[in-house]
Every structure is written in C-alpha cells, then in structure tokens.
Amino acid sequence: MNQRTFFLLVIMGFFAMWQKADAQIILGKPELSGPLISVTEDILEFFCKLDDIQTNETILYQLFHEGNLNKALAEYSSHSQEKAKFVIIAALFHDGRLMCKASMQNNSNITPTYSNWIDFHVLVPVNGTHISSPSSTEDFWEGDSLTLQCNITSGTYVSYKWFLNDRLIYNDSNVLHMSNLSNKHNGKYVCVAKSYLNETFYYHSTSEAWNVYVKEHLTKPEISIEVIKNSDGNISACVKCLVTKGSPPINFTLFNNNHNVDAVTSEHMDALFTLPIALDQDMGTVYCQANNRKHPLKSKELKLKVDSVGGTVTMRLQKSVGKDFEVLGVWLHCLVERGTLIQYNWFINNTRLERKGSFYRTFKSDNSGLTVRLYPNSDTAGFYRCEAFNSFDNTTSVSSTKTLISHEVFNVIPTEEAAIIFTCFSLLICAVLACCIFGVVLRKKRARTYMFKLKDFTDMHSLLVDDHDDDKNMIEENIYKEKNDALDTEAYTDNIFNMLEVLQASMMKDSDESEEEDTNLHYSF
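All letters in the sequence shown, in the order written, are residues -23 to -1, 1 to 502 by mature numbering (1 follows the signal peptide of the UniProt record, and there is no 0).
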C-alpha cells in the first residue's frame, strides 16, 4: 500500500466518523408560549424553546400560522441555546392556530421538530353599527312583514341584541324578522353589536334608532244623525261619521241620495257634517265613506226623514203586587202616535217630575217609562200624566189624559166587584146544598126499589114451585111490565136460588145504610 492510498483511507474514515456524529444529534420537541387573546395593532411577544439541546450549533426557530405553512410569521436564530422570541403586531390574519418549528440553521440533515398548536384569538373591536331593511317601502300596514338587518363596518366575535323602545326583544342574530305586523310593533328599534371574548376584551357599538309605524286598516264607519234647531229657527241634521280603528289622516265623505255632499280630512276618528232638513218630508238617504289611502269603506244607509211629534198619547199602567195582594207600586209607560225623535216628561198634579225623586224614577233613554212607589196617605197620590215632545224642540208637545194613582185607590175593593163576588159565592152555596138534598132523596128511593125487587123475586119463586108449565114465561112478563124496570127472569131460571142469595145480601147491606140516614124509615113485606 503506497502513501497516497493510506492518506485517502484516513480521510474517508474521518468523514464517516463525522457523519456518524452528526446523525446522533436529535432535536427535542419545542414548546410555544405567548398570549392567547389580543386586540388588533397590539405588540405581542411569543416564546419558543427546546428543553434539551445536544449541540452548540445555531438553531433556527420559526413561527407559523395554520393558514400558511409555507411562510413563517417570524423567525429567530438561537446561538447560545437561549429560547426564541417572536415579536409581532397583532392583525386579523393572525387569528387562528399557531405553531413553532425548530431546526438546525446550517444543517438540513437534522430532522426538524414541531411544537403543539395553540389557539390565538385576535379581536377586532366592533364599529360602524347601523340598521338597514331590504324592504323598498316605508309604509307598513297591519298584516305586512318587515325584516331589519344589523350591519357593522368592522368587528370580530360579534353578538347582537335588539331593543324596541328600550326593551330587549331579540338576541344573537343580526337579522330581525317580524310577520303579521300590528300596532304593538310600533316604536324605535335599536341594534347593539358586541365584540366579546372575556371581561377584559369587551367592546360594543349601538346603532341609531330605526322608527317603525304600522298603519291600521279602517273599520266600517258608523253613521248617526242628531237633529238640532238653529238659533234662526231652522232645523238641521248633524251627521256624525265614526270609525273605531284606523290610522289618520282619514278622509270622510258624506253622500246624500248617492251624491257627494261634503268631504273633510281629519286627524281624528270622526267627522261631523250638517244638512238642512224640513220636518215631515222625505229627504232621501245618507251614508258616509272613510278612506285612509288603503281601502275606502262605506257605512250603512240611513233614511233622512224627521216626523214631528203628534197624535194621541197613551199611558199604560202595570201594578207591582206584594203580600196579601197589596199594590205597592206601579210602572207607567208612555207612547205617542207619531214622531221620530221623541222625549217625554212626567207630571203629577201639573208638577213636572225630574229624572229621579224620593218615590219615583224614570227609565229608558227617552224617559218614556216611570216607576212610582206608593205609600198610604203620602205625596205619591195624585193625577199623573205624560207629555211627548220633539227632542230638538220642546216648544211643541202633546199630552196624555190624567190618571188618578194612589195607594188607597188600588187597595180598596170597588162596590161592583164586591157584589159580583158575593153573588158568585151565594150561587156556589146553593148549588152545593141542592146536590146534597138530591143525593139524600135518590138514596132513599133506591133503597125502596131494592125492597120491591126482593119481594117480587120471592113471589116469583112461589109461582115457579107450584106450577112448572108453559105459562111461566107469561107470568114473569106481566110482573115486569107492571114494575117498569123488572129483570128478565129467563136469565135467572137456571140458577134462581143462587141469584136470590146474592140479591138478598146486597139488599140487606143497602138497607142498613138507609137506616143510618133515616132511623124512622121501616119496610115490611
């Protein structure tokens, strides 16, 4: 072996020994530490270290985000086995999971190692909160739907809350949908957007108020007429058109005989119209129409004719009866023959009664009824009458006849009624007495008839025993013809003895009863 070959073997041996030494270097698992939550634009420090480093060579530490493993967020070269320090300015793209990689900076043959992932949150404070609606109209009616959306200019980890007139109504959604709108949805809507990770990292932003006004549909208008007398003596009809629900402004229109008479726009729920009229003349029909720019509605039609009060006034009376048929009070009802708008007054001895007093009160809206409590020997007694007049003009009236009403009048039996009652009672006694006499006489007569029948049957028995020839039937017929109610002996010839026993027992019983009624009456055969 020459010298050149020896030196070549020596060099190859050192090279093999060096590779073997390098292959024995193993990097441990690095450990990554640092903040877990941050706000954008904060300056942050992350640390990565190896617990057991077996070489003094330079170690390269790299910080990676899970979104891009090909490009490190930061690098650090450690020359004296110190831990790596990464300094970054927090940005939104840092949000997510982070990892540290350790490797030999000048030796790619050493296998690199990786730390565990850590979760890192970057909070962008919420800002620019405002409400919008995809609806193209600003007019909302009952039954419509409405969607409000809460938008933000920036922000992460955002939750939402909705308020109506400072009352919480919805949580955790940036969209608020309301169907079947009604007046309960009216008010100011506010959206509050909140960025929240913990009590330290908390930001919120409030939107401007969004006003919602839900318009109500109109109900069918109601129409009413009030007749008045003007200061100049003319008669007019005040027509009132009223809706119970609906959003103003409301346009009211009056029609007379289907012709537009007048119209008015009101911020209220009703409107008044005035029409001149003539009494006792047919002025046709009137109705009104209400419209608040959605659907016009028409009221019912009313006949416009006002008859003045006139004709006969009648007063009807009803009694209030207590114990022992005592009349304690009366109800009076007044009715006039004609008139459209009528009011009534009541009088006692030409003194007008108010609506309520110590012993009376009126009822019904037109005062056509009066109830009176009657007391013995009191001021309740007197001549009562009612008076009817036009409700719009009390200068003309018609009155009923006077009627005397008092406790004594209603609780004294009239002479005619007493005579009738006495006569009826006397006739009843006579009828009962006649029935009793007739019954006694009839009973005695029936007793005598039974006795005669018994004697006749005894004689007939004697004849049958002495003579059984064919003349038997003729004898029996002659006997019963003379008595006018005799029995047919043919039915008794077969068993005459049994019949006689039964008849004798019956006659004896009736005879005993007759003796109890008249002890002086005796019969003999």
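Take these hints with a grain of salt, some might be off.
[To be verified] No farther apart than 30 Å at their CA atoms in a straight line, the calculated lysine-lysine pairs in the BS3-like style are these:
| # | residue 1 | residue 2 |
| --- | --- | --- |
| 1 | K138 | K217 |
| 2 | K300 | K217 |
| 3 | K275 | K300 |
| 4 | K206 | K280 |
| 5 | K197 | K161 |
| 6 | K379 | K341 |
| 7 | K300 | K222 |
| 8 | K341 | K271 |
| 9 | K280 | K192 |
| 10 | K341 | K300 |
| 11 | K333 | K280 |
| 12 | K217 | K341 |
| 13 | K222 | K192 |
| 14 | K192 | K138 |
| 15 | K341 | K277 |
FYI, nobody ran anything at the bench for these hints, they're computed from the structure.
Since the model is a prediction, treat every value here as computed from it, not as a measurement.
TODO: Would you pick out the hints that fail for this structure and give their numbers low to high?
DONE: Going through the list in order, the structure violates hints 1, 2, 3, 7, 8, 9, 11 and respects the others.
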